[in-house]
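If you want the building blocks of each chain, they are given just below.
Number of protein chains: 2
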Amino acid sequence: MRVRTEAKRDAILEAAAEVFLEAGFEGASMSQIAARAGGSKRTLYGYFPSKEELFVAMAHNVATSFLDPVVDALSQTEELPPVALQRFGEGILGFLCAPDSVRMWQTIIGVAGRSDAGAQFYEIGPSRGHEALAAFLKRQMDLERLPPADPHDAARHLMALLEAETLMPCLFGKLKAPSKKYLRATTERALQAFFRGYGNPGMP
Amino acid sequence: MRVRTEAKRDAILEAAAEVFLEAGFEGASMSQIAARAGGSKRTLYGYFPSKEELFVAMAHNVATSFLDPVVDALSQTEELPPVALQRFGEGILGFLCAPDSVRMWQTIIGVAGRSDAGAQFYEIGPSRGHEALAAFLKRQMDLERLPPADPHDAARHLMALLEAETLMPCLFGKLKAPSKKYLRATTERALQAFFRGYGNPGMP
Numbered sequence: 001m002r003v004r005t006e007a008k009r010d011a012i013l014e015a016a017a018e019v020f021l022e023a024g025f026e027g028a029s030m031s032q033i034a035a036r037a038g039g040s041k042r043t044l045y046g047y048f049p050s051k052e053e054l055f056v057a058m059a060h061n062v063a064t065s066f067l068d069p070v071v072d073a074l075s076q077t078e079e080l081p082p083v084a085l086q087r088f089g090e091g092i093l094g095f096l097c098a099p100d101s102v103r104m105w106q107t108i109i110g111v112a113g114r115s116d117a118g119a120q121f122y123e124i125g126p127s128r129g130h131e132a133l134a135a136f137l138k139r140q141m142d143l144e145r146l147p148p149a150d151p152h153d154a155a156r157h158l159m160a161l162l163e164a165e166t167l168m169p170c171l172f173g174k175l176k177a178p179s180k181k182y183l184r185a186t187t188e189r190a191l192q193a194f195f196r197g198y199g200n201p202g203m204p
Numbered sequence: 001m002r003v004r005t006e007a008k009r010d011a012i013l014e015a016a017a018e019v020f021l022e023a024g025f026e027g028a029s030m031s032q033i034a035a036r037a038g039g040s041k042r043t044l045y046g047y048f049p050s051k052e053e054l055f056v057a058m059a060h061n062v063a064t065s066f067l068d069p070v071v072d073a074l075s076q077t078e079e080l081p082p083v084a085l086q087r088f089g090e091g092i093l094g095f096l097c098a099p100d101s102v103r104m105w106q107t108i109i110g111v112a113g114r115s116d117a118g119a120q121f122y123e124i125g126p127s128r129g130h131e132a133l134a135a136f137l138k139r140q141m142d143l144e145r146l147p148p149a150d151p152h153d154a155a156r157h158l159m160a161l162l163e164a165e166t167l168m169p170c171l172f173g174k175l176k177a178p179s180k181k182y183l184r185a186t187t188e189r190a191l192q193a194f195f196r197g198y199g200n201p202g203m204p
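Chains A and B are the protein sequences, given in the same order.
Count the first sequence with UniProt numbering and you get residues 1 to 204, in order.
Count the second sequence with UniProt numbering and you get residues 1 to 204, in order.
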């Protein structure tokens, strides 16, 4: 009986990240990745039944390691909403719009039409971000720092406002490697619109 | 001297739409498309230097033919913002989220990393939609039906609110062929958030 281990899975994901970055999604092969991870192709397929699924697991791994600190900061902060959300917005956009990240999202969306790997990624990636943001907003509403509203609607709308001038044009290649200054300014604009809509008694 | 004509270009785009729909982007070949359009591959390349650019031109053609009526209606309407924007939102989302459309956006985003065709499409597609929406909002502000604000920021934010629960999950394959009822309800939620943020003196 073959045993799957967490350590082996991690080694595969690390090898996959290297090979995909070097060769791109189309250019990378499962054989190459298996060799880089020091195992057989058969073992590799035991963990990931297709290149699409391996790619999405790799992207999820990268996203989690970048986003966990941003999400944790939001769940623990005692800062008022304008400060906490400005930090969150700049942090999450800095990751989402980095050139390597954009290539990952382009690839996932490109394969989403012919595999359900994209839907799985959405469930564990963007949906998890929404949950964390909704939990923060709910807490601020309970503390009466924000007027009551549906925290899930508010979270989805805030993410959309943040992505309007950033992620969307990046996905189409219209905007490339936006500067920190640009991301700070667009986050400010998005938060102005958000606070006009969802209110913020903590601000003058 | 070879002469490029609008009629020939239209014939190529029509043939391309058929072949891409049947075979998908990867499966379609320039030879097939040339044959279907009744011309040579050399002629085809005279109009479109790559399969990516032909695909994007085809997508733009399809998008324009669907969106022109929606955009024209918005530019001519005398209706109050809530009514006009509800119609606009449902119309544009119905097109953006239709299964054939989603496959087009997925393909364009998938190739955007390796060609500037995606950026060109963004310029003539989404950017044009934003312009039309900004012009409508500006007119409403001039008529004092909406309080003054930057109409371009407002347009981008409204599009983002409309796309939050619709286009984004569709791109990742998480949401498939959303019903008219779903699009009506998400448009209502997006407009509630928009009007809370950008105001609407025309409503009680």
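Hints listed in this document are in silico derivations from the structure and should not be mistaken for laboratory results.
Values in this document were obtained by computation on a predicted structure and should not be read as measured data.
A hint or two may mislead.
Same chains, same label: a pair holds when it works inside one copy or across any pair of copies.
[Said to hold, decoys possible] Listed below are the simulated SDA-like cross-link pairs for lysine to any residue, each with C-alpha atoms no more than 25 Å apart in a straight line:
1) K181 / S127
2) K180 / E123
3) K41 / A149
4) K181 / A149
5) K174 / V62
6) K41 / E123
7) K181 / E123
8) K138 / D150
Hints, one by one, checked against the model:
no. : hint        : verdict
1   : K181 / S127 : between (27 Å within a copy, 22 Å between copies)
2   : K180 / E123 : between (28 Å within a copy, 23 Å between copies)
3   : K41 / A149  : neither (51 Å within a copy, 58 Å between copies)
4   : K181 / A149 : between (31 Å within a copy, 23 Å between copies)
5   : K174 / V62  : both (24 Å within a copy, 20 Å between copies)
6   : K41 / E123  : neither (28 Å within a copy, 43 Å between copies)
7   : K181 / E123 : between (31 Å within a copy, 23 Å between copies)
8   : K138 / D150 : within (8 Å within a copy, 30 Å between copies)
Consistency note: the structure conflicts with the earlier hints numbered 3 and 6.
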